[in-house]
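Line order of the protein sequences matches chains Y and L. Going by the numbering used here, 91 is the number at position 91 of the first sequence; the sequence numbering is gapless. Going by the numbering used here, 108 is the number at position 108 of the second sequence; the sequence numbering is gapless.
Just so you know, the hints here were simulated from the structure itself, not pulled from any lab data. Possibly wrong hints are sitting among the right ones.
It does not matter which identical chain is meant; a pair holds if it fits inside one copy or across any two.
Mimicking SDA-like on lysine to any residue, the simulated pairs with C-alpha atoms at most 25 Å apart in a straight line are [said to hold, decoys possible]:
1. LYS139 / LEU41
2. LYS301 / GLN86
3. LYS97 / LYS259
4. LYS151 / PHE297
5. LYS301 / GLU26
6. LYS131 / GLN66
7. LYS127 / CYS271
8. LYS259 / GLU26
2 protein chains.
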Amino acid sequence: MKMLPGCIPCLVKMAITTATIGGGNEEQIYQSARSALKILLEGNFQFPAPYFSAPILRKVETILNQPDPFIKQKRVSNQAGLKLAQELAKPYVEKAKNSKDRLLRSLRASIAGNIADYAVVPDLEGKIEDKLREAFKLKFSCLDFERFWKKLRGARRILYICDNAGEIAFDRILIEELSNFKKQVIVAVKSGPALNDALVSDALEVGLDKIAGVELITTGQAMMGLDLKSAGRELKRAFRDSDIILAKGQANFECLAGKNGKIFFLTLIKCQALENKLGLKKGSAIFASGDMLNAMFGNLK
Amino acid sequence: MKMLPGCIPCLVKMAITTATIGGGNEEQIYQSARSALKILLEGNFQFPAPYFSAPILRKVETILNQPDPFIKQKRVSNQAGLKLAQELAKPYVEKAKNSKDRLLRSLRASIAGNIADYAVVPDLEGKIEDKLREAFKLKFSCLDFERFWKKLRGARRILYICDNAGEIAFDRILIEELSNFKKQVIVAVKSGPALNDALVSDALEVGLDKIAGVELITTGQAMMGLDLKSAGRELKRAFRDSDIILAKGQANFECLAGKNGKIFFLTLIKCQALENKLGLKKGSAIFASGDMLNAMFGNLK
């Protein structure tokens, strides 16, 4: 999906937030904003917004002399995520009456984790338990579960493209579930820092490597979402060889929503720009194939 | 007050909002965003954010070939403002038990009008009556009323610098009140379009010219807030010769907050950037002299 107009100021804001969270002084914060302005001014808006995160964040990291400004937040998110996933999401999934219901509950648990995105909602603390409980009950605005269920039966290999730290503790529940169906699950995280997106260190922290049948890889990229063309070899191979691709979070949605075929998206609508584009309210949940989305919303390329 | 970091993306957003409200097509909206990026990139952030509104809005107007993109919204705001001021604010003020209380109530009525800013909160319709009633009851976060009351006694001439269309219907109530104290009130509106800011046509629509003792002038500028250095001669003279200056709205606050002496600010805190800077919550109301503000918040230059 090409850059939406509303993404342009948001990317400038991202530079400022990152510089602030990374401990930048006033001068560094202004400089980070200027770098974002310059990169966007020179950029081609035919590309998805997350593509711009890579050059902007690299600039901010250089200005701060800090290779991973969100590193502390990610540790905190992972620990909070693990605790909440264990205490709230696990018991919710365990209540399922059969394996199909259990899978649907795991999808809800995973989407509940999508609200644990400190980069977007930094002041969730205190409210997060209530938010998670709400998320378990939410109605999907687009739900393509039957198609997924059907595809899953014949699938051998699933590529699961992760989103943020913290959230991956909830992804773990869904990934375990997929693995319980005797599927090979290839889990992709970023190869380098991109906001609070999960890296290998985060995947290890929440024990994604401990699940039977799981192979951990990286996208080969330090950007939000995924630029398939320039992705790493491992990711490209997994993308080609998997029977199902499960893309988590809004940035992956923005980058890949135009694709039909074996791809499914699991995300909340997190911003006004996408709300305007799709006509779905902020906070709406989507679990849908690219086919369904492109049929519903026209071509999302 | 110099540009806050958070104002930078907000000014890009302003260009997009203006292009959208002005009926721009997709290409014009992207072009408007790019113009804002360029102007900001080349800009000096030592100046207040509203200073950037002038060149950005001029560019957007040129791109749209539309000299006043908010013209329809302003008509609607004025009519809604007149109705609500008459039905809600007037009776609220009339309940006062003496002239001092009546003045304070007029100040509250005027600040209530500050929420009728469609550029910032475009979906207020339906909720606006409740919001206004709340506004009459609000506690000011900074209140310098006694100083104002004292100054008013000796004052002959007051300069009232207006903010938005719609809002000026509520300003009218306060301006009438000041005029009832037998003061000369010089009311300044913008000389050309700046978002939904009030122009002479708006002042006439709400009858500001009909009040005894009122002289209507323009700032000589088509920008949000006021750049005193490059303002028109009428404004400069009024600024110099008035005994009290009453600056309404956040943009005037941003431009003039560093000034001590005879100036008073009447505004709501409308954005996160200013909330962060002052440590006052979004929605907080201020009626305070520059002296009080600079004592409370350090130098706001």
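Exercise for review: Enumerate the violated hints, using their earlier numbering and listing them in ascending order.
Suggested key: Of the numbered hints given earlier, those the structure breaks are 1, 2, 3 and 6, listed in rising order.
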